[in-house]
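> Sequence:
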Amino acid sequence: MRITILILTMLLLSSCSITKVNQKPFLEVERNDPLNNLGKNASFNKTIDNVEQIKTLIDYIEKLPPFPKELIHCPMDNGVNYDLKFNRIYNNNVVNVNATGCRQVKLNDKVYRAIDPNGQEFRDYLIKILGLSEEEFTRLSK
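Mapped onto the numbering used here, the consecutive letters of the sequence shown carry residue numbers 1 to 142.
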């Protein structure tokens, strides 16, 4: 009887074993179109699981200068922006990137500028890992 209970217990425990879940960091990117300029073409979602690409993107974000506090006019702002949702890396931050206009990058209630040389490096790299052209990223016709 004891052997039967022991065998049943072992079978129960082995069936409850924890399967390993992928704990690898990844980045989810989603395009937003709050002004509805893109219509049915607004949808864009991509998951990036290359850890080196994600770390490089984080390095670029951390080099961005703060956005100026004075009044700035941002022409050619069509509202298109991207949410970068970091998972299991970078404190699970969500970074919002404006694709046009003054190209603000928002992180934790702070706004950074992605229009100067450091910002352009960030944008170029983001566009590259998303597999988009500049026009596809901004959705501005040339």
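The hints are simulated quantities; they were obtained by calculation from the structure and are not laboratory data.
Note that this is a predicted model, so its numbers are computed, not measured.
Treat the hints loosely; a few may be bogus.
The calculated lysine-lysine pairs, modelled on DSSO-like cross-linking and capped at a C-alpha distance of 27 Å, are [what the hints assert, rightly or not]:
# : residue 1 : residue 2
1 : K106      : K128
2 : K106      : K46
3 : K85       : K46
Label-pair distances were calculated between CB atoms; the ranges are [claimed, not checked]:
#  : residue 1 : residue 2 : range
4  : E134      : R88       : 13 to 21 Å
5  : G131      : L35       : 52 to 60 Å
6  : S133      : P75       : 17 to 25 Å
7  : E52       : P75       : 29 to 37 Å
8  : I3        : E30       : 53 to 61 Å
9  : K63       : V94       : 18 to 26 Å
10 : N108      : E70       : 19 to 27 Å
11 : V51       : I3        : 44 to 52 Å
12 : E28       : L140      : 23 to 31 Å
13 : E70       : N96       : 30 to 38 Å
14 : K24       : N108      : 39 to 47 Å
15 : D49       : L71       : 13 to 21 Å
16 : I127      : N87       : 30 to 38 Å
Heads up, the beta-carbon is just placed ideally off N, CA and C, and yes, glycines get one too.
> Run every hint past the structure and note whether it holds.
We went through each hint and held it up to the structure:
1. K106 with K128: holds (20 Å)
2. K106 with K46: holds (19 Å)
3. K85 with K46: Given that 27 Å is the threshold and the Cα spacing comes to 11 Å, the pair holds.
4. E134 with R88: 13 to 21 Å: Violated, at about 30 Å.
5. G131 with L35: 52 to 60 Å: violated (24 Å)
6. S133 with P75: 17 to 25 Å: The hint (17 to 25 Å, Cβ to Cβ) holds, given that S133 and P75 are roughly 21 Å apart.
7. E52 with P75: 29 to 37 Å: Because 36 Å falls inside the window, the suggested range holds.
8. I3 with E30: 53 to 61 Å: About 56 Å separates the Cβ atoms of I3 and E30, which means 53 to 61 Å holds.
9. K63 with V94: 18 to 26 Å: holds (19 Å)
10. N108 with E70: 19 to 27 Å: holds (22 Å)
11. V51 with I3: 44 to 52 Å: Hint holds: Cβ distance 48 Å, inside 44 to 52 Å.
12. E28 with L140: 23 to 31 Å: holds (24 Å)
13. E70 with N96: 30 to 38 Å: violated (21 Å)
14. K24 with N108: 39 to 47 Å: violated (24 Å)
15. D49 with L71: 13 to 21 Å: violated (41 Å)
16. I127 with N87: 30 to 38 Å: With a Cβ separation near 21 Å, I127 and N87 fall outside 30 to 38 Å, so the hint is violated.
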